[in-house]
Amino acid sequence: MSNSLDMDVRKSQRSRCRVDSRVRHLKQEADGRMINISRTGLALELYSQFHAATGSSVVIESDDIGLIEGTVRWNRGGRLGIQIKQNSNSLAKLAAYFRNFHKEVRPVLTR
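In terms of our numbering, the sequence shown opens at residue 26 and continues consecutively.
For the record, the hints were derived by calculation from the structure and aren't laboratory data. Please read all numbers here as calculations on a predicted model, not as lab measurements. This list has only true hints and no planted wrong ones.
Between beta-carbon pairs, the in silico distance windows are:
#1 Arg-124 to His-76: 31 to 41 Å
#2 Asn-125 to Gly-80: 30 to 40 Å
#3 Ala-120 to Gln-74: 30 to 40 Å
#4 Lys-52 to Arg-124: 33 to 43 Å
#5 Phe-123 to Lys-52: 28 to 38 Å
#6 Trp-99 to Gln-38: 12 to 22 Å
#7 Gly-91 to Glu-70: 13 to 23 Å
#8 Gly-103 to Leu-51: 14 to 24 Å
#9 Lys-52 to Tyr-72: 10 to 20 Å
#10 Gly-91 to Ser-37: 11 to 21 Å
#11 Ser-82 to Arg-58: 15 to 25 Å
#12 Ala-121 to Arg-39: 12 to 22 Å
Ideal Cβ positions, reconstructed from N, Cα and C, are used throughout, including at glycine.
Please model the complete structure; the sequences and the hints are all you need to start from.
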């Protein structure tokens, strides 16, 4: 992905999704849903307050994917960006998700 501002950006293709999820960090938990996912990261839209700084380790749990460990890349406006830890367990779960469950979600409203 080209970037003229020298920002660290996701290099994998994003796919829109709507997957109910729960995120945990230390003793905090928050419900939300995944709004996009790639092989290296995902974005969550949270239903409640969640305080995790950039670089914090989190665990994401969903029925479709299972438990995935990751690192917070950004947290703003009730949304959370997660970089997925690239281990064999996570890669296998993501491959199974894309093979068996994923359906690309398109916006309902158009302009």
